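Protein chains in written order, with our numbering: chain A, 1 to 416; chain B, 417 to 1393; chain C, 1394 to 1489; chain D, 1490 to 1675.
Hints in this document: simulated from the structure, not taken from any laboratory.
Some hints here could point you the wrong way.
What the hints assert, rightly or not - EDC-like mimics (lysine to aspartate or glutamate), calculated; alpha carbons at most 20 Å apart, straight line:
| # | chain 1 | residue 1 | chain 2 | residue 2 |
| --- | --- | --- | --- | --- |
| 1 | A | 241 | C | 1422 |
| 2 | B | 568 | A | 162 |
| 3 | A | 266 | B | 634 |
| 4 | A | 169 | B | 1146 |
| 5 | B | 559 | A | 286 |
| 6 | B | 551 | A | 396 |
| 7 | B | 681 | D | 1620 |
| 8 | C | 1485 | B | 521 |
| 9 | A | 266 | B | 521 |
| 10 | B | 540 | A | 105 |
| 11 | B | 1280 | B | 1146 |
| 12 | A | 266 | B | 1146 |
| 13 | C | 1485 | B | 1146 |
Stated by the list, open to error - Derived Cβ-Cβ restraints for the label pairs, each shown as a range:
| # | chain 1 | residue 1 | chain 2 | residue 2 | range |
| --- | --- | --- | --- | --- | --- |
| 14 | C | 1422 | B | 1018 | 47 to 53 Å |
| 15 | D | 1584 | C | 1422 | 53 to 59 Å |
| 16 | B | 1309 | A | 175 | 51 to 57 Å |
All values derive from a computational prediction rather than experimental measurement.
The beta carbon of each residue, even a glycine, is placed where N, CA and C say it ideally should be.
The residues making up each chain are set out below.
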Amino acid sequence: MRFSGFRVIKEALTGYKGWGPLWRNPEPQPSYDYIIVGGGGHGLATAYHLAKVFGGKRIAVLERGWLGQGNIGRNTTIIRSNYLLPGNEPFYEFSMKLWENMEQEFNFNAMVSQRGILNLIHTDGQRDAYRRRGNAMRFAGADSELLDHEQVRAMYPWLNFENARFPIKGGLMQRRAGTARHDGVAWGYARGADLLGVDLIQNCEVTGFRIENGKVLGVETSRGYIGAGKVGVAVAGMSGKVMAKAGMRLPIETHVLQAFVSEGLKPFIDGVITFGAGHFYVSQSDKGGLVFGGDIDGYNSYAQRGNLPVIEDVAEGGMALMPAIGRARLLRAWGGIMDMSMDGSPIIDRTPIEGLYLNAGWCYGGFKATPASGYAFAHLLATDRPHETARFMRLDRFERGYVIDEKGVGAQPNLH
Amino acid sequence: MSRLSGGLIDRSQRLSFTFDGKSYSGHPGDTLASALLANDVRLMGRSFKYHRPRGVVSSGSEEPNALVELRSGARQEPNTRATMAELYDGLIANSQNRVGSLAFDLLAVNDLASPFFAAGFYYKTFMWPKAFWEKLYEPMIRKAAGLGSLTKLADPDDYDKGFLHCDLLVIGGGAAGLAAALTAARAGARVILADEDFRLGGRLMAETHTLNDAPAGDWIAALEAEFDALPNLRVMRRTTVFGAFDHGIYGAVERVSDHLATPGKAVRQTLWRITAKRIVLAAGATERHIPFANNDRPGVMLSGAMRTYANRYAVSPANRVAIFTNGDDGHRTALDLMAKGVEIAGVIDTRTEAKALGKYPLFAGAVVSNAKGRLGLKSLEITRDGTSHWIEAGALGVSGGWNPNVHLASHHRGRPVWDEASLAFLPGTDLPPGMVVAGAAAGRGTTHGALTSGAEAAVAALGAIGITAALPDLPRAEDAPQAQSAFWHVPGKARAWVDFQNDVTVKDVKLARQENMVPVEHLKRWTTLGMATDQGKTANVTALAVMAELTGKTIPQTGTTIFRPPYTGVSLAVLGGGDTGAHFRPRRLTPTHEWAKSQGAVFVEVGQWMRAQYFPRKGETTWRETVDREVLATRAGVGLCDVTTLGKVDVQGADAGEFLNRIYANAMASLKVGMVRYGLMLREDGHAYDDGTCARLAEDHYVVTTTTAQAGPVYRHMEFARQCLWPELDVQLISTTDAWAQISVAGPNARMLLERIVDGFDISNEGFPFMACAELTVCNGLRARLFRISFSGELAYEIAVPARYGAALMGRMVEVGADLGATPYGTEALGVLRIEKGHAAGNELNGQTTAQMLGMGKMVSTKKDSIGAVMSRREGMVAETRTLVGLMPVDATEPVTAGSHLFDEGAAQKTETDLGWITSACYSPHLASGIGLGFLANGKDRIGQVVIAANPLQGQSVRMRVVSPHFVDPEGGRLRD
Amino acid sequence: MLIPHPLLGLRDAQEFTYLGDASLIHRPDGMAENAAETFFDYVYLRDNPAGVHRELWFHEQGDRSWLVVTRDTTTHEILGAELARDVALAAKGGAQ
Amino acid sequence: MTDLAPMTALGGSLARAQSFGALAIAENADLALASLAQRRGAAQPVPMGLALPGPGLWHAGNGMAAFWTGPGQWMIEAPGRAAEDFAGAVKQAAPECSVTEQTDAFVAFEIASSAGAAPILSLLAKLVNIDAAGFGPGSATRTGLEHMSVFVIRRAEDRLAVIGMRSAAGSIWHALESAAARLQGE
């Protein structure tokens, strides 16, 4: 069924009789050409693109719990392509372009909203670095603007300009950046994939890989063995745990990142603001909640919950930047587990095991990458060649010395 | 007239307040909600989506409807539960989420269009035309959504943070919590009792039950007197424990002054981090409602809340009240209200076998199937055996059973367990370590059950940490079993609300089921169930039950919801703590700060430090003018700059040299005593980490300097190497950054100036050559350290004295060097001097560069093992061709801008053709031109060529000549003179 | 979180700076033939267990000791803590 | 003696002192400090007859005091001797140790209560995450305070010292002052 405003009106007047399941609940088949492990944003986007763009057939997505239960369902919903390095920027800009057209393509309103992202500048050195980045974005076809103090003040006069420990000297603005409704993205891809015949199998945990002579034959699951031509793993924070079942150690650590939302408020912040001198970034959802976050907790964790000091740290940053939010209340805090890679950049690559492919290392930045990640991973699965924009995101870059280190902090995942 | 007799309000005092501009009065002991009810105000808010008129539903923090904007001006506080706002004289509250007045909200049109707004509708529309989303649809949605508003004014109040420690934290001051605290405190344990209410007692205050045949208030009063005398017990009223974190740490907010008009000298709220060895959770239970058609009319409320209002606040929402219940609990409300003289229109009990417990009309085996009264309940439809009739009632109390408040028990992702007997989720076995649950939160909701389980919980909890406690004599209390039958919602075609605030109806749950949004998280996200400010406290279990009914599954098969912190909303200001604004982060001042201030210096933030940026003089109109003067004065005479901020690490021990050999890429063990060497540190991944100098003061004593930014990390890294990598070496480390005021003395007259302050020490070129160091005295006996090192390319020294003398020394040098042109300079001139000399700094050492890029590849010794050496030889790093070069505009009037990218002339400018970028740029008064440093592909081979510096961000494209990065004195002759 | 410091008892984890897997103590020999491989493994690859993890914490706002803390990454339960220096010395055969 | 005039950490020529109800906070500008670290394998020294305390402890004697700062490391305090080369004196007394001058690395604030231990305990609770029950007289530890690291010494039931980075003296003072003033307001 095709969604439209007309259809919504028609269904409203006829008691919603026409609304059916957004996707089927199929039983797993004995084998598939492609198995995508992980029914999160990246896994669903991969299946969708594999079927839609690359003509893949007999595709299954295996999800341990419910579709979209991982980081796609709990993040701060920011989409942007304001990266610096050539290994990253073209990829994220490709993603941005996919965001701009996805809703009409998969016929689902994921509320992609290009209300802009503003990265504040507090020092001259930061301005130099942001200028380098803003120009790198331009050369990769993205949009960027360098704002001065007055331009920032005109946009957000109620930021703390008067009594700030770190004065605001300007900002790097990407107007095409913004937010998208995270669940809507997962559901849009899920529904799109389902309509293209992809089997979305929930409550199906992968417990092992059947590997013979260095080639993967299929996966053992909580719902029995399923054969596969190719297996793509896109399980974010669980990457280490899942790939260990295939005998692999990864340049990845799993960490917890907390995200926060305030009680609903009338429109207050239009776009996304990031405060680099503290650890704080914020946007306001269409429902009115301030959606905000900061740094990862900083220690290895699979516990999906964080601790109070980070909540305080983020709130401190928020209060320092925008003392007018003081009387709003934190409504909910939640922790997701992040696949923090050793250089802070992702991996979309084959593995040494034939037929086994890895999509991982997204750190806390996977949401914005969802469309491109799915597209590039589908490209790799279908053609065995990396997608043009993901060609630097290789697994062997660490050994060979081609790291993509945006922050320049080296092989320490909790600093990325 | 809705005030009743009795209650815990102080009738001797009258407090006036306003709601939506209209004046009312109440008494101390009232909440805003009780005072409004006492003034016959039933309409208190509007719902989120349909803007339906709403009245208060509860009497506690679970309130979904009666949300107001409290206070005014910069103190305006949105979404405040009227049920939690203590009344004070002069309180100002306004209703929110309305266009027009509360009674005539224009957005109530949404309600008429509600069929179009069913669960998930917005995912299916607003997609065409594409551009309309940001321009039309979304702004419309954003405006209509949201609840209360922020003012954009800075919060004027102060907030505190603090730390408390205890053996036992008791969460909840009702019967169970009081018994637990009493038991533990009498045993001598250190106890904290926290309750979100402003008065202890919990539901004891809401009921008419007796303790030892006397009013419960008597027992509470006696207990409070005993509590006051126990120094090991801290009672924290108005304190909400909002989160259970790791290792027994609980977050709590004390609302210190929220019950006052302004905080005065105190803080508004304090965030407490409580570290508890053991925890008794006695958070009580929250009553459930029962959805039926139009069950959201103002005046429809929870039956237990009605008792609270009657017994504690002496108020009834109406003169004639009905009760809708699925168990005995509703009958209690009828009895309590009757006792206070309220007319009971009837008790509608879903159980056919129900019996009246008093003289009121009973409708057994019946349901309430509809309600009328848009702005306030007028009548109810009662349906029994398929026939219906209407009765008049101004309020309806609904009793659907109680949900234990297991939230904190689940903050470590523990799952509550469904108990079919009590029709409730009880705490599971996977509680946060050290927690015991008692009272209604554990399903022991009778007064006797709460008291005994509270005391027993304390005994058990303390026993686990070796403290023996005895069960106290607990008062005799009611222990009547509460009969109840499962009844979740009244079937029907009209909308019946499950989640009041977010307008989620039974129909929405059905539609979610129809659309395969069945997993509880899908249900929640598709319908927005439980995502409002109350986090579904009154809605979630009911919705689960409805979904279970639809799918034919049991409630536990359908799922549970995950509880996450905070238990109730916590203001961002208190989480952010007191020190924001200028005190957001510590400010470190250099030893010459006060002196520089007296000289009119302009300061700049450099990480934690404030440094003098430049020293403007009279008549100078631009900062550039000042900086140019400072630079030229340094190159021509002598400049003075406080460089204390550079990190200093004292390295001592027999193996200090060997240790430093392994830390630095280049050799340090071979450094002679009395000499300094430039050193480059790599990270273990082979990239440049930090640079600085290393001075050898004695055979077993070095002083390492780091960059300002990396002082902390480098020290940590060195301790890592000392303790973890090479513990067998004899090395001791300590930071001395703050101990010494270090001043750079640079310029051709530097030596002459220093000769005037050193105490008989030979600093001639021969006696104290380039890269020498020494300990000596200056200014008549002040111990000092002198290093002949240069960052500017000039003859230069750094002199260090104990920090307390830094300002005086600076003043002295300016004074005695006046004839030599002694000029203080700031970080701007420092930057110009080092760029002119081609010295790498933060913009070059940004963690992404290699020794090779910096032109220091050869410094990485292959003769020894040092941190990062192996990885610096990886294929990709060796293949890196970008090197540090100097750049000058072909046309000297053109700007040089850091962050510009470098391209071949005529090349298409894109990622693939990018050759590098400009790292640092400045105006060089020495060359009368802008200059820059940058990393350029094959840079060494391009010296003399022209490249394009492209800065499309600012519309610049400049032809630049590639030159040596050493713009000044490339041979280094000046350094050595 | 609270870290059980072997000398100072339970301390607020905020006083500490986290580094990562305690295997970082065992730095390979940079002059060995196979240094390229051993360092790749040392610097980049991690077991990243969902369960018991031995990890390095630096008592930065305390006594400046590096600790090896044993912690369950699924529950955050801490099973023990030792001075990293003692662990490192023991690994080197107790060489004093 | 040098003819240069010293300046206190708070930037004055005189040390700052202020009272907040029962609490008095004073900058101690005359306190000499030197760190002392044991060399590898060496025996624990007894510099100038001062017994060095164990982890978490502070010990006074012979007109000086010492507190433990880390394994094999102590800080030696000497009231009133800031102008001297105190580190030199310590080094002479413990030549086999690594000694480093620390006098001007730190600012010391002495806090005294005129109403017994209670105000001190209330202040501690607002400042640092230390369980006061286990922090009686003779205790010393380093911990975090408003993003800074400080030594806290319980010199007596009613006396506390907070010693932190000299460059951050103003921020430490602000933290102490705000907490003390707010306690007064409660």
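Do the hints match the structure? See the list:
1. Using a Cα cut-off of 20 Å, the hinted pair residue 241 (chain A) and residue 1422 (chain C) is violated, with the two alpha carbons roughly 29 Å apart.
2. A distance of roughly 14 Å separates the Cα atoms of residue 568 (chain B) and residue 162 (chain A); the hinted pair therefore holds under the 20 Å criterion.
3. Restraint check: the Cα-Cα separation between residue 266 (chain A) and residue 634 (chain B) comes to about 46 Å, which exceeds 20 Å; the hinted pair is violated.
4. At roughly 47 Å between alpha-carbon atoms, residue 169 (chain A) and residue 1146 (chain B) are farther apart than 20 Å, so this suggested pair is violated.
5. Restraint check for residue 559 (chain B) and residue 286 (chain A): satisfied, since their Cα atoms lie roughly 9 Å apart, inside the 20 Å limit.
6. The straight-line distance between the Cα atoms of residue 551 (chain B) and residue 396 (chain A) is roughly 45 Å, outside the 20 Å bound, and the hint therefore fails.
7. Annotation: proposed proximity of residue 681 (chain B) to residue 1620 (chain D) is violated, straight-line Cα distance about 27 Å (limit 20 Å).
8. Restraint check for residue 1485 (chain C) and residue 521 (chain B): not satisfied, since their Cα atoms lie roughly 77 Å apart, outside the 20 Å limit.
9. About 16 Å separates the Cα atoms of residue 266 (chain A) and residue 521 (chain B), which keeps this hinted pair within 20 Å; it holds.
10. In summary, the hint linking residue 540 (chain B) to residue 105 (chain A) is supported, as the alpha carbons are separated by about 13 Å, within the 20 Å threshold.
11. About 19 Å separates the Cα atoms of residue 1280 (chain B) and residue 1146 (chain B), which keeps this hinted pair within 20 Å; it holds.
12. Our distance criterion of 20 Å between C-alpha atoms is broken by residue 266 (chain A) and residue 1146 (chain B), whose separation comes to about 63 Å.
13. Only pairs whose Cα atoms come within 20 Å are accepted, and residue 1485 (chain C) paired with residue 1146 (chain B) is accepted, the gap being roughly 15 Å.
14. For residue 1422 (chain C) and residue 1018 (chain B), the hinted distance range of 47 to 53 Å is satisfied, since their beta carbons lie about 52 Å from each other.
15. Distance hint check: the CB atoms of residue 1584 (chain D) and residue 1422 (chain C) are about 36 Å apart, inconsistent with the given range 53 to 59 Å.
16. Evaluation of the 51 to 57 Å hint for residue 1309 (chain B) and residue 175 (chain A) yields a failure: the beta carbon distance comes to about 32 Å.
Violated hints, listed in ascending order, are 1, 3, 4, 6, 7, 8, 12, 15 and 16; each of the other numbered hints is respected by the structure.
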